[in-house]
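Chains as they are written, first to last, in our numbering: chain U, 357 to 804; chain P, 357 to 804.
Any given hint might turn out to be false.
[To be verified] SDA-like cross-link-like pairs, simulated, lysine to any residue; straight-line CA separation at most 20 Å: (1) P/562 - U/384; (2) P/534 - P/512; (3) P/639 - U/727; (4) U/441 - U/376; (5) P/562 - U/389.
[What the hints assert, rightly or not] Chain U side only, calculated, beta carbon under 10 Å to chain P, not exhaustive: (6) 386; (7) 388; (8) 560; (9) 662; (10) 676; (11) 689; (12) 729; (13) 758; (14) 781; (15) 791.
Calculated directly from the structure, the hints in this document are not laboratory data. For every residue, glycine included, the Cβ atom is placed at its ideal position computed from N, Cα and C.
Number of protein chains: 2
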Amino acid sequence: MMRLSQLMLPDIEQAFSADPTSVGELFEDLHAEDVADIVERAPAELAPNLLASLEPGRAADVLECIEPHRQVDLVQRLGVSRAVKIIDEMASDDRADFVAELPHDFAEALLAAMDPVEEADVRSLVRWPEDTVGSVMSTDSLTVPVEMSVGEVIERVRTVGQEAETVYYVYVVAGSDKLVGVVSLRDLILCNPREAVASIMAEDVKSIGPEADQEEAATLIQHYDLIALPVVDDAYRLLGLVTIDDVVDVIEEEATEDMHLMAAVQPLDDSYFGTGFWTFVTKRAPWLIALFVGGQFTANAMTWYDDVTRHTAALILFLPLVISSGGNSGSQSAAIIIRALAVGEVDLSHAAKVLFREIAVGLVLGILLAIIGLIRVFLGADDLNLALTLGVTLIAVVTLGTVLGAMLPILLERLGLDPAVSSTPFIASLVDLLGIVTYFSLARLLLM
Amino acid sequence: MMRLSQLMLPDIEQAFSADPTSVGELFEDLHAEDVADIVERAPAELAPNLLASLEPGRAADVLECIEPHRQVDLVQRLGVSRAVKIIDEMASDDRADFVAELPHDFAEALLAAMDPVEEADVRSLVRWPEDTVGSVMSTDSLTVPVEMSVGEVIERVRTVGQEAETVYYVYVVAGSDKLVGVVSLRDLILCNPREAVASIMAEDVKSIGPEADQEEAATLIQHYDLIALPVVDDAYRLLGLVTIDDVVDVIEEEATEDMHLMAAVQPLDDSYFGTGFWTFVTKRAPWLIALFVGGQFTANAMTWYDDVTRHTAALILFLPLVISSGGNSGSQSAAIIIRALAVGEVDLSHAAKVLFREIAVGLVLGILLAIIGLIRVFLGADDLNLALTLGVTLIAVVTLGTVLGAMLPILLERLGLDPAVSSTPFIASLVDLLGIVTYFSLARLLLM
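Could you build the full structure based on these sequences and the hints that come with them?
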């Protein structure tokens, strides 16, 4: 993508030093995202002044596009009195996320300076734990009483629409704010203004509770092709909205988490360069150490077979090959099943079906590798028994790897854990151990 | 999620056998997605009749929610004359995808029975290769001439809005259909109907070409928080739209592809159970065989060190541990970097920065494992030189694994390949080989 910021920054620095108020004009025709890009690349002293030179609503749009750890820095440089004007204009979900990132004292100072209604809104949102629906919802939904006509609803959209997270769905409430229906702006436009909103609203409103996992909200929005999903309390009162752009973020976040877990990395909360060096080490070291300590069993296992390796030294040559084949086939199955579980193609009810299928796939793959392995040994050593040992071991290890790789994620899901935690190195380590035992046990049987 | 279909199916079967026309009523208040669920679970003879009993527009909504390989089966059972009524009503992007899935003869029969305009639309869409913007775009965009007033545009939305993929953005064209602006339905509602649309439209319209990668469209939509992105030809004429729900699918698809590639599986085109047994084998076997054949070098490498292993047999005990540590640290880095490249946190300009960082992380992790390894050897064997060999090898192998794991994806990206192809088993195999060479070379130096 072309970086506008690289082109415009020198002009902007010059304009700002000549006349600070002229900068707003330069930014006028740009997307908030592009302005954010410029502000992010501006020198540290200039950036807060650029932001402050914008009209507060526009500054809020720009601020929302900036990376979390840069946001915090920028707003602290702005100071409470200039910051509060911008913060007031932010979308409620982004604002709450942002305040949660701030150092405690600065956050309290900001909240104290805010309008009490907005302050209460922030406080009501920040209390939801990470990864819950509450933590990603916005409170800026547009509700209308069920008694209104279509024309009145459109009028309401006109007057308060600028504030709402989305005006594409209008939520219809009755009595003490109970959610009774939803109507899309599309339908409102298409209908006669004199009709009652009650007669055109959809009553089967999909909704979710604030304590639910954000992944559930993402699944519902995808499944029903929604733009927004209302969040309701036990009495079915509207608390907020999860919108489809939140879903995009949730899906990306969850995929990143799964990929990291699969590779035995504790998921990073920040971007690659946003994560500090020691955080990196602590996200990786525990798993690596656990795998290393677990891997010690392979050394133990090998001492059990001293007699075998002394008898046929050539066995050792193929050991790395045998165990990596098991590990590789295990990684394949694990990746396929972990992903299939994540996107809902496979669930617990399919365990037996997956098991049989993976046994068959494992056998076929194992036989393929065994044939190649046999050719290799015959070309090299011309030792029938060694070839047989190697062949049978490959079939066993690849089948075992395939089955373990597929079934461990399902077992973890069954136990209520994240299937991605059955990280592929973990499966590889387990298969290493089983590979060594199989290989040398077979060798003892066939070669001695 | 509760399965409505399990509850309703018996009632529906009964209603259908009593009076086929009564089924439409039972479905009336349900989401298309729920009806699709019921149709998917209905017996094979009943399913097409259920679909045919719905009004065509509704049937099209339902059909769009059904899994691709079930869709094909269902529509073939419907037959051309009943199918064409439903197909006519489908969203253009879903329809093109669907026709592309059909057996060639049936597809041609359907196209011949379609309205010529609709037929041309399908043919214009199916020609785009997979993964391009053209292959996911919809042609149902809403355009208005730049001369219109806001009130006229709203009137246009009212009359033709039912057909459009999204009415939330209206595209403004001038002259020979050149895209000159965009206006959101939100802005239309908020403005004075007598104002000219030209005065309220945004002129800086983000757009993309049809040959671009679908991932690029996804990135633009996310970056600029759009609901839809216009697709234009070289003359800036509007060809279609990519909408945010397509982005959700693209992001999921790409994450699945990356996870599969990272585990050395050729990405599956279908769901787990939608993929045939032999397809599965052919998606996995080539990589597994390649890794196996590549792994043969480990056996070769080990013969070079016959003298070393004969001299100190205990070296062999720790071999699996040494090489798996390198592989594990390599997998960690690879997963982190592949993902960071995919979401745009890291790009080629960061190569040097990543290199230095990963060298440092690798050294720290290697030293940690070496310390644990040393303790292990001292507790077991009390052999200082063996301990030293093991420790230095661990530091070297873990650092090497970490750096290779991080840099190979960046190298592949530089070469214009998919970084995820540097699948972690591939990195592990490479590190296996380097681990063996390092380990035994050091041993020759220190122990002999």
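Chain P contact restraint on residue 781 of chain U - CB to CB distance below 10 Å
Hint on residue 781 of chain U: holds, closest Cβ of chain P at ~4 Å, below 10 Å.
Is the shortest C-beta separation between residue 560 of chain U and chain P less than 10 Å?
holds, 6 Å
Restraint check for residue 639 of chain P with residue 727 of chain U, where alpha carbons must lie at most 20 Å apart
Roughly 19 Å separates the two Cα atoms, so the pair holds.
Interface hint status, residue 689 of chain U versus chain P (Cβ within 10 Å)
Result: holds, 8 Å to nearest chain P Cβ.
Taking 20 Å as the top limit, are the C-alpha atoms of residue 534 of chain P and residue 512 of chain P close enough?
At roughly 19 Å apart (the allowed maximum being 20 Å), residue 512 of chain P and residue 534 of chain P satisfy the hint.
Would the hint on residue 662 of chain U stand, with a C-beta cut-off of 10 Å toward chain P?
Result: holds, 8 Å to nearest chain P Cβ.
Under the criterion of a CB-CB separation shorter than 10 Å, is residue 791 of chain U in contact with chain P as hinted?
holds, 9 Å
Residue 562 of chain P and residue 389 of chain U: Cα distance at most 20 Å?
holds, 12 Å
Satisfaction of hint between residue 384 of chain U and residue 562 of chain P, Cα-Cα up to 20 Å:
holds, 16 Å
Is the interface hint for residue 758 of chain U satisfied, with its Cβ closer than 10 Å to some Cβ of chain P?
holds, 9 Å
With 10 Å as the cut and Cβ atoms as the points, is residue 386 of chain U at the interface with chain P?
holds, 7 Å
Status of the residue 388 of chain U interface restraint (C-beta, 10 Å, chain P):
Nearest chain P Cβ about 8 Å off; hint holds.
The earlier numbered hints are all upheld by this structure, with none contradicted.
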